[in-house]
Amino acid sequence: MTLKNMKSYLNLVLCYPQIPQNTGCIARTCAATFTNLHLIEPLGFELTESRLKRAGVDYWPYVSLTKHTGWSEFLKHKKNLPGRLLAFSPRGLSNYLEFQYEPNDWIIHGRESDGLPNEIMADCDHILYIPMFSPDIRSLNLSVSASLSLYEGIRALNYCQNLTRPS
Numbered sequence: 008m009t010l011k012n013m014k015s016y017l018n019l020v021l022c023y024p025q026i027p028q029n030t031g032c033i034a035r036t037c038a039a040t041f042t043n044l045h046l047i048e049p050l051g052f053e054l055t056e057s058r059l060k061r062a063g064v065d066y067w068p069y070v071s072l073t074k075h076t077g078w079s080e081f082l083k084h085k086k087n088l089p090g091r092l093l094a095f096s097p098r099g100l101s102n103y104l105e106f107q108y109e110p111n112d113w114i115i116h117g118r119e120s121d122g123l124p125n126e127i128m129a130d131c132d133h134i135l136y137i138p139m140f141s142p143d144i145r146s147l148n149l150s151v152s153a154s155l156s157l158y159e160g161i162r163a164l165n166y167c168q169n170l171t172r173p174s
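Numbering (the numbering used here), first residue to last: 8 to 174.
Incorrect hints may appear among the rest.
[As the list claims (entries may be wrong)] In silico PhoX-like links for lysine-lysine, alpha-carbon gap of 20 Å or less:
{"hint": "1", "residue 1": "LYS86", "residue 2": "LYS74"}
{"hint": "2", "residue 1": "LYS83", "residue 2": "LYS60"}
{"hint": "3", "residue 1": "LYS74", "residue 2": "LYS85"}
[What the hints assert, rightly or not] Restraint ranges, calculated between C-beta atoms of paired labels, are given here:
{"hint": "4", "residue 1": "PHE140", "residue 2": "LEU82", "range": "34 to 42 Å"}
{"hint": "5", "residue 1": "PRO68", "residue 2": "TYR158", "range": "17 to 25 Å"}
{"hint": "6", "residue 1": "PHE140", "residue 2": "LEU100", "range": "15 to 23 Å"}
{"hint": "7", "residue 1": "PRO142", "residue 2": "GLU105", "range": "17 to 25 Å"}
{"hint": "8", "residue 1": "VAL151", "residue 2": "GLY51", "range": "17 to 25 Å"}
{"hint": "9", "residue 1": "PRO49", "residue 2": "ASP130", "range": "17 to 25 Å"}
{"hint": "10", "residue 1": "SER141", "residue 2": "GLU53", "range": "34 to 42 Å"}
{"hint": "11", "residue 1": "VAL151", "residue 2": "ASP65", "range": "20 to 28 Å"}
{"hint": "12", "residue 1": "LEU155", "residue 2": "ASP121", "range": "13 to 21 Å"}
{"hint": "13", "residue 1": "GLN107", "residue 2": "TRP67", "range": "27 to 35 Å"}
{"hint": "14", "residue 1": "TRP67", "residue 2": "ASN148", "range": "16 to 24 Å"}
{"hint": "15", "residue 1": "GLN107", "residue 2": "ASP65", "range": "32 to 40 Å"}
{"hint": "16", "residue 1": "ALA129", "residue 2": "LEU155", "range": "20 to 28 Å"}
{"hint": "17", "residue 1": "SER141", "residue 2": "ASN165", "range": "12 to 20 Å"}
If you are wondering where the hints come from, they were derived from the structure by calculation, not from laboratory data. Don't be surprised by glycine CBs; every beta carbon is placed ideally from N, CA and C.
Using the sequences and the hints given, assemble the complete structure.
Right, here's the structure in full:
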């Protein structure tokens, strides 16, 4: 069964991702959680790249993937769909662990080298951050941040009862 036949709870958006292995890992997480994955171009790789496919293993048929040619095209796509835009950034204003997620939220992460541009964050409803103990660490790896933010949304919305143990 593919994700297209399943109910999606949240949406994960990657703006301008650069490293195929990160995107592949995130795609696998999206497949495991019935999460729609949106990629916003430009991408730092081709979707046919072997490193991307290898990181996603053989789960690509289970990924609900939509590619957008840019941020403005994504906003047109999102316009009539439910859910808030939640930007994740070390410059965020709200701790993601204290935030009230809602069904159909759109979790947005930026590229590995410099995160989300200010103009994209300006379009978002909320800007969240993932707290860290060390002030010397600038940020977490994109695939780690995306997984943390997604699973916190699943937990906060009490969707955990819909998750199963791996077989």
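Okay, the hints, checked on the actual structure:
1. LYS86 with LYS74: Answer holds: LYS86 to LYS74 is near 16 Å, not above 20 Å.
2. LYS83 with LYS60: violated (28 Å)
3. LYS74 with LYS85: holds (13 Å)
4. PHE140 with LEU82: 34 to 42 Å: holds (35 Å)
5. PRO68 with TYR158: 17 to 25 Å: holds (22 Å)
6. PHE140 with LEU100: 15 to 23 Å: holds (20 Å)
7. PRO142 with GLU105: 17 to 25 Å: holds (20 Å)
8. VAL151 with GLY51: 17 to 25 Å: Once the Cβ atoms are compared, 18 Å apart, the range 17 to 25 Å for GLY51 and VAL151 holds.
9. PRO49 with ASP130: 17 to 25 Å: Because 18 Å falls inside the window, the suggested range holds.
10. SER141 with GLU53: 34 to 42 Å: Given about 35 Å between the Cβ atoms, the range holds.
11. VAL151 with ASP65: 20 to 28 Å: Holds: the Cβ-Cβ distance is about 22 Å, inside 20 to 28 Å.
12. LEU155 with ASP121: 13 to 21 Å: Holds, at about 19 Å.
13. GLN107 with TRP67: 27 to 35 Å: holds (33 Å)
14. TRP67 with ASN148: 16 to 24 Å: For TRP67 and ASN148 the Cβ distance comes to about 21 Å; the hint holds.
15. GLN107 with ASP65: 32 to 40 Å: holds (36 Å)
16. ALA129 with LEU155: 20 to 28 Å: Given about 24 Å between the Cβ atoms, the range holds.
17. SER141 with ASN165: 12 to 20 Å: 31 Å Cβ-Cβ, so the 12 to 20 Å window is violated.
When the structure is compared with the earlier hints, violations turn up for hints 2 and 17 and for no others.
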